[in-house]
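Residues per chain, in single letters:
2 protein chains.
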Amino acid sequence: MSARGAALRLRPRWDDGLAQRLARSAAETEAGAAIRTTDVPGWLAERARAHRFRVTPIPFHELDGWGFAPDTGNLVHHSGRFFTVEGLHVRTGGPPHLEWWQPIINQPEVGILGIVATEFDGVLHFLLQAKAEPGNPTPVQLSPTVQATRSNYTGAHRGTPVRHLELFTDPHRGRPLTDVLQSEHGAWFHHKTNRNMIVETGAPIDAGADFCWLTLGQIGRLMQVDNLINMDTRTVLACAPVTFGDAVARHDDTEVRSWFTAERTRHDLHGRLVPLRGLPDWTIGDRSIEHVPPRYFRVMAVSVEADNREVRGWTQPLFEPLERGLIAFLTRRFGGVPHLLTHARVEAGFHDTVELGPTVQCTPGHHGSGTGPAFLDLIRSAAPGQIRYDVVHAEEGGRFYHAENRCVVLESDAAPADPPPGYLWLTPGQLTALLRHGHYVNVQARTLLSAITTGAVVL
Amino acid sequence: MSARGAALRLRPRWDDGLAQRLARSAAETEAGAAIRTTDVPGWLAERARAHRFRVTPIPFHELDGWGFAPDTGNLVHHSGRFFTVEGLHVRTGGPPHLEWWQPIINQPEVGILGIVATEFDGVLHFLLQAKAEPGNPTPVQLSPTVQATRSNYTGAHRGTPVRHLELFTDPHRGRPLTDVLQSEHGAWFHHKTNRNMIVETGAPIDAGADFCWLTLGQIGRLMQVDNLINMDTRTVLACAPVTFGDAVARHDDTEVRSWFTAERTRHDLHGRLVPLRGLPDWTIGDRSIEHVPPRYFRVMAVSVEADNREVRGWTQPLFEPLERGLIAFLTRRFGGVPHLLTHARVEAGFHDTVELGPTVQCTPGHHGSGTGPAFLDLIRSAAPGQIRYDVVHAEEGGRFYHAENRCVVLESDAAPADPPPGYLWLTPGQLTALLRHGHYVNVQARTLLSAITTGAVVL
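So the protein sequences, as listed, match chains A and B. Final position of the first sequence in UniProt numbering is 459; the numbers increase by one with none missing. Final position of the second sequence in UniProt numbering is 459; the numbers increase by one with none missing.
Everything labelled a hint here was simulated from the structure, so no lab data went into it. Everything hinted at is true.
Facing chain A, according to a computed beta carbon distance under 10 Å, are these residues of chain B, among others:
hint, residue
1, R9
2, R11
3, V110
4, P171
5, L177
6, A247
7, A249
8, T254
9, R264
10, R266
11, G335
12, V337
13, H351
14, R436
15, H439
Pair ranges (Cβ atoms, derived):
hint, chain 1, residue 1, chain 2, residue 2, range
16, A, R406, B, G80, 40 to 46 Å
17, A, R24, B, I35, 55 to 61 Å
18, B, A414, A, E30, 54 to 60 Å
19, B, G422, A, R24, 34 to 40 Å
20, B, P373, A, A203, 38 to 44 Å
21, A, D64, B, D418, 44 to 50 Å
22, A, W14, B, A203, 34 to 40 Å
23, A, R266, B, P384, 48 to 54 Å
24, B, D226, A, G80, 46 to 52 Å
25, A, P275, B, G245, 55 to 61 Å
26, A, R266, B, R333, 42 to 48 Å
27, B, G422, A, W14, 22 to 28 Å
28, B, A414, A, P275, 54 to 60 Å
Given the structure is predicted, the values throughout are model-derived calculations rather than measurements. No residue lacks a Cβ here, since even glycine has one placed at the ideal position from N, Cα and C.
Throw the hints in and build the complete structure from the sequences for me.
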């Protein structure tokens with residue numbers, strides 16, 4: 001190639017038009033090219049009726065292909081693929097020196113969570129899929145165009161191939177709008193990373209009966225309904241390069257990154273995988289692995305019958321939290337600019353010690369009044385007029401059984417302008433700028449941010 | 001605090017003036033407020049004479065406080081602090097499936113590499129320190145204001161405190177210009193991370209005889225001299241938020257991040273710490289741990305006598321490469337805009353599989369003509385007129401013994417406009433933008449970039 005030919009291919013480093021196109025898509029809330037928003041729940045119910053999908057809890061000895069490894073007691077698949085349930089021994093540098101043991105999911109491979117985007121009549125639409133997962137409280141939810149593990153794309157499932165996967169694995173098939181590795185639940189996964197992608201194609205792809213094109217604004221409306229948009233869709237859309245015009249903030253971007261670096265540096269936590277057998281404080285029963293006394297979560301197993309998945313039936317372990325969780329952002333305006341109160345959270349399974357979580361992330365049932373984490377009581381005592389968002393969403397139904405969180409955004413001038421150590425006020429634009437890079441913002445905060453990027457919450 | 005008071009504290013998210021101030025400092029090459037550039041080598045030699053610093057290789061059994069642990073054979077300090085030399089077992093997912101064992105330094109704590117900056121007569125100056133390290137080929141080099149391990153700031157050394165450390169640990173003492181966690185050598189360190197910081201103070205600090213204020217341009221001139229600017233100074237200055245006015249590039253920034261994400265996803269490499277004793281292919285002798293046959297590096301030990309360090313004398317292990325390395329960027333203009341050919345490198349000790357390295361990073365002595373990594377022969381056959389930079393620098397003398405690299409920037413229109421998989425053309429501005437975040441760019445590429453950010457190389 002001549003230097004002149006190469007020169008012709010230079011392009012601007014930043015696509016200033018994309019944020020506008022996302023804003024235009026977010027403004028379309030009532031209807032898109034394919035369906036009216038109010039018709040989506042009925043369509044989802046119809047897709048659920050069109051397929052058989054039955055989930056039955058089973059004892060561990062009825063697991064097919066899975067078993068406890070003779071040497072470690074880890075719960076593994078005989079193929080060595082998918083994931084394993086192992087033990088984790090966690091120690092903090094302290095003071096205070098803390099130490100605990102817990103089961104954890106080990107799945108070192110990188111999965112793909114990918115949404116295809118295309119313009120219809122000049123408005124970006126996103127292709128979502130009506131998909132059932134065994135752990136979902138309502139079986140069928142709106143998932144990304146593609147959810148694929150490495151086992152999917154290397155054929156370990158021995159099932160039918162994942163549709164449209166090539167759009168995300170072949171860089172010449174579309175234009176990436178978002179492509180970033182993000183963590184999953186640090187309390188339940190050991191170093192799990194998924195690739196969050198939005199890829200734009202020049203023309204609509206042939207979708208099929210279980211797929212639906214929706215604008216960002218339509219998805220925002222559906223984010224206002226309990227258990228309808230699945231976790232994978234939420235985390236991908238949180239990473240969409242939406243901007244908020246917030247050129248001023250409490251802290252400049254360098255200061256924000258410096259605070260984050262300091263938080264990562266000051267925490268000292270080491271998690272080490274250990275055998276599941278003999279894990280202190282946990283007992284392995286016929287149907288569950290539980291903490292003694294019962295707390296946090298248990299590991300259980302299900303049998304699944306399905307007719308529209310890569311395989312027609314399977315069994316697998318799932319993690320089941322014992323109670324509903326709460327994830328909440330406090331929001332407040334400074335100088336007219338909305339800010340969110342983020343918390344630098346340490347979670348044992350994170351790739352690197354600390355990520356930014358919401359203001360509160362806990363299981364409220366564990367905490368009486370005055371004994372919970374900071375700001376829990378402020379959220380419990382909120383007046384209805386302060387609540388900007390209050391919807392129940394489930395975590396990933398492929399790994400977690402009925403793992404619901406109450407998701408709240410609460411506007412409160414009682415939130416301190418100068419928060420305690422470990423907390424910082426960031427604008428939504430600062431958070432979405434960090435989300436162009438991996439491992440800054442945890443999956444719970446991403447769920448709440450997706451309510452903001454889709455316009456379900458306007459701050 | 002009132003909402004009005006809080007509002008007064010909003011600030012712009014981006015400091016557009018900083019890049020200009022860095023450019024102004026880079027333009028001052030001949031002299032700064034403290035010293036003429038040509039006088040710096042003499043001053044360094046004088047500081048070397050002012051202190052006793054003697055390094056003697058010793059057999060392992062003469063190590064004081066260090067020994068081989070009875071259970072694992074790991075080389076450890078009796079306090080459990082500093083670092084340990086352990087074994088690493090590496091497997092790649094493949095194909096091809098590769099597997100090897102090697103000694104590796106395990107130092108999970110985060111160290112601080114910090115440079116203080118202050119304006120003199122409106123020009124930013126950086127406070128560097130004449131510091132001896134046992135592994136340096138020329139004992140005294142220019143190091144950051146502060147190099148501190150967590151052992152330093154928690155007092156494990158039981159020595160005198162590190163001067164000026166509080167400027168980097170107390171966020172109220174200065175304004176961070178750069179503050180980011182970056183990797184160290186992935187071939188020799190397991191998951192090592194250091195905090196790279198530049199902190200600006202409103203007034204000069206009281207420095208002392210071993211410290212010297214220099215402009216960025218003066219440091220750039222000194223980067224043209226072999227073994228004068230130490231590795232820690234280089235990595236910190238590579239992270240300085242210098243900009244290059246490159247608003248157009250071969251690939252837009254989203255495409256660059258997407259390519260990087262794909263490179264991280266497609267590589268599958270797992271390194272697991274194992275006991276040093278019985279490590280396949282390696283033998284532990286009286287004075288060194290060596291590969292059989294001799295290759296790569298060896299582990300050895302030294303005794304140090306000093307009079308100006310936190311402690312007056314000590315012994316420690318060091319890693320010693322068997323041959324000089326080569327790190328080189330190919331550079332080429334497209335449409336008039338300089339680009340650097342980066343290589344997505346897999347190194348066993350990286351936090352996350354892949355980081356961007358220079359075009360070539362290898363030990364040339366291992367490779368005959370036509371048998372080395374891509375582009376090695378192109379660099380070997382370069383005409384003198386193509387070479388923009390060719391200087392020898394040493395890696396960190398606190399861990400590595402006489403670990404020198406020939407550092408090259410080579411302009412070549414023979415470099416392919418469309419490089420092979422795993423390589424991508426990035427502008428210097430794209431690389432410095434990525435360097436505001438951790439774990440994108442490896443330490444060897446950072447050495448070469450520091451020659452660019454300081455103006456030692458003008459592309």
